[in-house]
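> What follows is the residue order along each chain.
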Amino acid sequence: MLKSFSPNITVEIICLIFAIIFLSKDNQTTWKSMILFLLVICITEIAGILTKRTVNGNNWVYNIYLMPEVGFTSIMFGHLLSKYTKGKVLVLPGLALFFVLYLYEIYCHGIYSFHVLTTTVMSIIFISYGLYYYYLLIKDEHYINLKSYAPFWWVSGTLFFYFGSTVSNLFFTIFNTEHSILFSFRHLIYILINIILYSFWSYSFLCRYRQRKSIL
Amino acid sequence: MQISPKEINTLIVLITLVFLLAPGFLLLYINLYNRRKKKHIEEKALMQQTFAAEILKTQLEVQEQTMQTIGADLHDNIGQLLSLTSLTLNSIEISEVNKARQKIDTALDLNSRCIKELRLLGKLLQGEQLIKNGLTEAISNEITWIEKAGQYQVDYQTENFSTESNVDKDLLVFRILQEVLNNIVKHAFATQINIKLCCRDKQLQLIVEDNGVGFLTDEVPQKQHGMGLHNIRKRAELMGGEVGIRSEPGTGTLVELNIPYP
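As you go down the protein sequences, you meet chains A and B in turn. Each residue of the first sequence is one higher than the one before, starting from 1 at the first, in the numbering used here. Each residue of the second sequence is one higher than the one before, starting from 1 at the first, in the numbering used here.
In short, the hints are calculated from the structure, not lab data. Positions of the beta carbon are idealized from the N, C-alpha and C atoms, including for glycine. Just to be clear, a hint being listed does not mean it is correct.
Calculated cross-link-like contacts (lysine to aspartate or glutamate; reagent style DMTMM-like; alpha-carbon spacing at most 25 Å) [stated by the list, open to error]: (1) A/K83 - B/E42; (2) A/K86 - A/E141; (3) B/K202 - B/E147; (4) A/K88 - A/E69; (5) B/K44 - A/D140; (6) A/K147 - B/D155; (7) A/K147 - B/E43; (8) B/K116 - B/E164; (9) B/K44 - A/E141; (10) A/K139 - B/E42; (11) B/K186 - B/E159; (12) A/K139 - B/E219; (13) B/K37 - A/E69; (14) B/K123 - B/D155; (15) B/K37 - A/E141.
Residues of chain A placed beyond 10 Å of chain B at every Cβ, according to the derived structure [to be verified]: (16) I49; (17) V121; (18) S156; (19) L159; (20) L192; (21) Y203.
Some chain A residues near chain B, calculated using beta-carbon distances under 10 Å [claimed, not checked]: (22) C42; (23) M67; (24) F99; (25) F152; (26) F160; (27) G164; (28) V167; (29) F171; (30) I196.
Take these sequences, add in the hints, and give me the full structure.
As structure tokens, this is what we get:
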């Protein structure tokens, strides 16, 4: 059981270590909160493994995890977009939509069934935020050295993750019910996009650290 | 039609790849765009540097031209007038009252001409500063100096010239005009010069026309004085404008400058 999950938890723990090393002394709370978010991710992943074989499965764990995931990601996008526009105001409708969908799915099929609709809609919303960020970055007249620009790598990682996971979310029903053989295949996709996501994020934390050090 | 798990597998792999390729290409595009942005910023900075250097060079050229004119005028006119005054006063013999009175009158006349020349010189020196107050003023002053020689009939017209100005561009336009007038004085053998300065639709147009000997425009770069025209073109381009030169032997020359203004 642990074997199929090991790559995911490994990259997540590595990313958490990177976050602790590079962000623990960061002067911005939003960036610093990534440590807490990654800790939540690791706990969720472990909880997911432990509850996988229980009667109710582990979907409820990931359903609960949706709340910190959407919360932290929205806050981060709000923070990054606020450099160009009213980012914090921009993410509020997305958060409102999330709560509506979340409650709707709990009402319709309870907590033990994975919230596909909420996850898919939120993926699309985060893709929109990422693309809008790219648009604002292009529109910005000032040159930024992207190679060492932490927000760019954070957004890129997030964009890769949600682009990739959207396919999985859309096909989730097929994976879960009809063809159990494909269930592990879904995890392969997740392993791939998780590796991309956490590599990009780890690199963005390093960039953030370098930026802080160069200022000091 | 029943889809097999294998087919679904392939389908999902393909769709996932497409979905991962999209942000990948976006990342590459943004990186490429950012590099172009950097290049553009560098080019812009270089252009601004070139413009600033050209402005400085032009200022020096205008100063040099003024100094040359002053030097020539001091030597050719004021110096001569003062020498004549001195000679006239030296030749006065007190015993011959009538002749002495005549010579004193001549000396006084020479002296007043000298004062007049000095006043014009003063205005010329001020003219350099006049560019800061307005292009039309500076051009008027330049024309006064050209007309002083008595060889040229100058017709100067301004049309819709706005109060909104650009000091840097004014300086470059003024220098272009000086260069064109220098060419006329040196090579054209003209008697009539028409200058028209107008501003409409955020475009400044300067037309300088003469009735001189003219030249074959294609041959100019091979000749020595082609350097002046090269400078005129370069400065016009620097201001985002262009220069048109129409000339044929025996028909005079027309130089037309068009630049965005202010």
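> Taking the hints in turn, state whether each one holds.
A quick look at each hint next to the structure:
| no. | hint | verdict |
| --- | --- | --- |
| 1 | A/K83 - B/E42 | holds (24 Å) |
| 2 | A/K86 - A/E141 | holds (18 Å) |
| 3 | B/K202 - B/E147 | violated (31 Å) |
| 4 | A/K88 - A/E69 | holds (16 Å) |
| 5 | B/K44 - A/D140 | holds (16 Å) |
| 6 | A/K147 - B/D155 | violated (62 Å) |
| 7 | A/K147 - B/E43 | holds (21 Å) |
| 8 | B/K116 - B/E164 | violated (34 Å) |
| 9 | B/K44 - A/E141 | holds (12 Å) |
| 10 | A/K139 - B/E42 | holds (17 Å) |
| 11 | B/K186 - B/E159 | violated (28 Å) |
| 12 | A/K139 - B/E219 | violated (47 Å) |
| 13 | B/K37 - A/E69 | violated (34 Å) |
| 14 | B/K123 - B/D155 | holds (20 Å) |
| 15 | B/K37 - A/E141 | holds (8 Å) |
| 16 | I49 | holds (23 Å) |
| 17 | V121 | holds (16 Å) |
| 18 | S156 | violated (6 Å) |
| 19 | L159 | violated (5 Å) |
| 20 | L192 | violated (8 Å) |
| 21 | Y203 | holds (13 Å) |
| 22 | C42 | violated (24 Å) |
| 23 | M67 | violated (25 Å) |
| 24 | F99 | violated (27 Å) |
| 25 | F152 | holds (8 Å) |
| 26 | F160 | holds (5 Å) |
| 27 | G164 | holds (5 Å) |
| 28 | V167 | holds (5 Å) |
| 29 | F171 | holds (6 Å) |
| 30 | I196 | holds (8 Å) |
Figure legend: structure checked against the earlier numbered hints; hints not met, in rising order: 3, 6, 8, 11, 12, 13, 18, 19, 20, 22, 23 and 24.
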